[in-house]
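Here are the chains, one letter per residue:
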Amino acid sequence: MSICVVTDSTADIPPETREELGIHVVPLKVIFGDEEFIDGVTMQAPEFYTRLVDDDVFPTTSQPSPGEFIEAYRGLLDRFDGIVSIHISAELSGTIDSATQARAQMEDVGEAIRIVDSRSVGMGIGLVVLEAARAAQAGGDLDSVAKLAEDLVPRSGLIFLLDTLEYLRKGGRIGPASAFLGTLLRFRPLLQIDEGVVKPLARPRSRRKGIERIRAHIESVGTLHSVAVCTADDPVGAADLAQAINDLVPGELAAMSTIGPVIGAHAGPGVIGVAYLTKSV
Amino acid sequence: MAETTADSGAFPASVDGAGLVAMVEASARAVEHNQAEINALNVFPVPDGDTGTNMCLTLLSVISSVAETAPGASKRSADAVAAAMASAALLGARGNSGLILAQYFFGLSAALDKHQFLGGPEFAHALKQASDAAYRAVQDPVEGTMLTVIRCAADAAADACRESESLSHVLSAVSTNAQKTVAETPGMLDVLAKAGVVDAGGHGLSVMFAGALSYLRGESSGAIELSAPTPAGMEDGTALREFLESAREVDYGYCTGFVIEGDGLDVEVIREKIGSLGESTVVAGDAFNVKVHVHPLNPGPVLTYAAELGTLCNVSILNMGEQTRERADQAALGGMLPTGPDDDEQFEVAVVAVAAGDGMRRIFSESGMGASSGIEGGDSMNPSVSELVDAVEAARAANVVILPNNPNVIGTAGQVDALTSKTVRVVPTRTMQQGISALLAFSPESDLEANTAIMADAIDQVSSLAITVASRHFELNGTGVNVGDAIALLDGEIVAAGNSIAEVAIVVVADSSLSGELVTIYRGEGGSEEEAARIKAAASEAHQEWEVEIIDGGQPHYPYLISIE
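Chains as they are written, first to last, in the numbering used here: chain A, 7 to 287; chain Y, 1046 to 1610.
The following block holds chain A by itself, in its conformation from the complex (with noise of 0.2 Å):
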C-alpha cells in the first residue's frame, strides 16, 4: 500500500527535503493590498521580509480553498493508494476545515484520506511530517502513518522569540499570548504554541535572556528525539540559539529552517525559535 503525506506551506520543510521525502506541499496564499502570491511558489521568504519591512500595507494571508485540496487529492490518488494529511492547527487557520470539506466531497475515495490536526505551525508540523513521511517511504500502511502523525503531535512543541507582538495581533493570532500586552517595560516575546494556540511564556529583556530562556525551556521538557531550529530572517540569530542548546539536541541537529511568508505575515521580521520532538515516554 504506498501512502503519501501530504501538508501545507506554514510546515516550512526545506524544498530539498520535500523532494527527498515525497511530500506532497499544499500552498497557502500571502496578501500585500490587492496583490496575492502563492506562498512558496510565487513568493519566497527572502522577497516577502523585504517586502514586509519595507511595505506601507501589513500583508494578510488565507488558507487553501476545498476546489485546491480536492485538485491534489485526487491528483495524488491516482499514483498512491491513500494519504495522510498533516496541517496546521485548526485554531489558527481555517486549512484544515477546507481539508476535511474536500474529502467529505469525495465521497467515493474519502476512506482513502486521513486528516491529522498538528495543533502547532511551522516546523512544530515540519517535525511530524518528516517522522510520517519516513514511515510512509519505508512501506507503512495508511493505518499505521495516521497513528504515527497522531501520536507525535502531542509529542511536539514550539518556542519562538519574537520582535514584537504587532503583527500576531494585527492578523489576529494573537490568542492568549495577548496577556504581554499592555507591559509598559521593554521585552522580547517569548511564546509557545500550546493546545493549538499561541501562548505567552516569557518577557526576557534581550535577546541574549531570550535565548537563554529557551535554552531552559528546552532543558525542561525531557528527552529529545528530534530538534529544529528555525528564523525568519536572522541567520545570525539562528546561529546563536544553535549553538546555546547545541549540547541538548540528541544527534544532528535538523537543517536550519527557514519561517515562510504566511507565518512570516503574522509574527514578523527578526523571529527565531525551536520545534521538537520528544521521545515517546
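Using 30 Å as the maximum straight-line C-alpha spacing, the simulated DSSO-like pairs for lysine-lysine come out as follows:
| # | chain 1 | residue 1 | chain 2 | residue 2 |
| --- | --- | --- | --- | --- |
| 1 | Y | K1239 | Y | K1225 |
| 2 | A | K176 | Y | K1225 |
| 3 | Y | K1239 | A | K176 |
| 4 | A | K205 | A | K153 |
| 5 | Y | K1467 | A | K205 |
| 6 | A | K205 | A | K285 |
Covered stretches of chain Y, going by a simulated chain A footprint (3 or more residues, C-beta under 8 Å):
| # | stretch |
| --- | --- |
| 7 | 1212 to 1222 |
| 8 | 1258 to 1265 |
| 9 | 1268 to 1274 |
Computed from the model, here is a short list of chain Y residues facing chain A with C-beta under 7 Å:
| # | residue |
| --- | --- |
| 10 | E1411 |
| 11 | S1412 |
| 12 | M1414 |
| 13 | L1485 |
| 14 | L1563 |
Because the hints were derived from the structure by calculation, they are not lab data. Where a beta carbon is used, it is the ideal one built from N, C-alpha and C, also for glycine.
Position chain Y relative to chain A; hints supplied.
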C-alpha cells in the same frame, strides 16, 4: 449556505440576498469585536466615546429587523433584503455615525433595485449612491470623517470594477482603500491631529469592510481584529488624554435623535430648520419617515418643531457633557483601550509591589498581565502592615507575591502571611529596579513556588543605581561629602559624589567596567528631560552595545533611578 458564484480566484463573484445578510452579519461581528477601540478613538464631533457602540447597535438593529421581515424565500433576492435593511437602518440608527451608516444601506438598496445578486458593479454603484446620500444628509459635511472614507471607497470601487467585476475583488479594493483613507484623516481634520487619533466612524467603516471581506474569503465569521493606525508620535495616548481633559470645559449640549412619522414630510426643509437649532445636524428619510440627529444646547425647540410635523418615535436625548466628563475621568486613570481582563478573573498567583511615584506605580500595576498591583509607598516607600494586607486581600489570586522594593519593608512584608487566609511569599527586592526585573519574570499562570524562585533569581540580573542628594555629611574615599551634594548609590553603596546630579550620574554610567545590555533611566522629581537625555547620551557613547531607555517614573527623592541589566 448562501448561494454564491465563484470566480477563478475561488472567492465569490456575487452574493444573493441570503449572502448579503451573511456579509452584513460579518460586518456587525467585526464592529462588535472592535467596538472598544472605535469608541476610544471618538473625538469628533463630540468626544463622548460612543461611535463604536452606536455603529454596532445600528448594525444589530438592521440584522434583527431583516430576520423578522424577510423570511426564507424572499431572502434569496438581494433587492428585497437591501430594501428591508435600508428601512431598518434608518429607523434604528444610533447617533451621528449610525445615521450616516444608514446611508450606506440606502445606497445598497438603491443600487440593488430589481437586482437579485450583489456583484462588483452593483457594490460600486451602491457606494456612490451611499456617498452622495451621506453628504446630502449632513447639514455641514466635513472632510476627514466617515464621509471622506465612503466617498473615496466609492471611487476605489469604480476603479476596481474595470479590472474585475467580482464582488470579492471590488470589496478587497474598497477595504484596502478605506484603511488608507482612515490613516490620512488626521491630515484632513485638525481636531483629529490634535488628539492624535484617526477618525472613529471612518475606522468603523473600515472595520465593516474588512469583516465582510474576511467572511467572503472564507477566512472567518467576520470577528476579526483590525487595529486603527496611530499617527506618528502619538502612540502613548498622551495627546488624546489631554484633548479629553480640555473637552471637559466645552458645552456640547444634548445628543438628540428621533424619527418623525408623518405624511408629506420635506426632508430638505426639515434639515435646514434643524440645522439652525443645533450643531452636527444629520437628517435623512422620505416623505413618511424622517430620522433626525442633532446636538442642540437646548433640546426644547427641536422637539417642539418636530412634534408639529408628525409623531415622534425612538426619541433619545443624552447629556453629552456627562458622557464626555466620564470618559475624561476614565482616561485620566490611564489605559485608554479597555483590553484588560474581567474584574472577576482570578489567577494562580498575583503580585503586590510597593512603589513611589505615579509612573512607577503604573508600571507595577500594568505590567503584570492583569495580575499585579502597585501600591503607593509614599515618600519613604514604607507602607504599613495593614496597607499591605489590604492590597493582598484585593489581589486577584489566592496566592500572592509581595515585592517590597525597599530593605525596610522586607520585614513588614514577612508579617503579612500570618494576617491573611491567602498564601503570601516575599521576594526580597531592595529597589524598584529589582522589583521591575522580578515582575518581568512573573507568570500569573505558574504556581507560587515556581514564581517565587524565578522572581528571586531575577534580582541578581539587575544592578540598581540611584542618583540623589546627600542628607548628611560623610567621608567617601578620604573626601568630605556635604549635605546637598549629589551622590550615586550602586546597589545600596555610595560610589560617587559631586556637585551636580547629572555629573554624578554620568560618571557612573560612563564607567567602562560596568557591563550590561539594557539600561533604563527612570526620571523622578527633580530630574529633567534634558538632563536625562544627557545621561543617556553619555551612557550610549561609553557603551556602544547598550540600549538605553528613558521612562517617566515620577518618583520622589531620586531624580534618577537607573537599572542596568
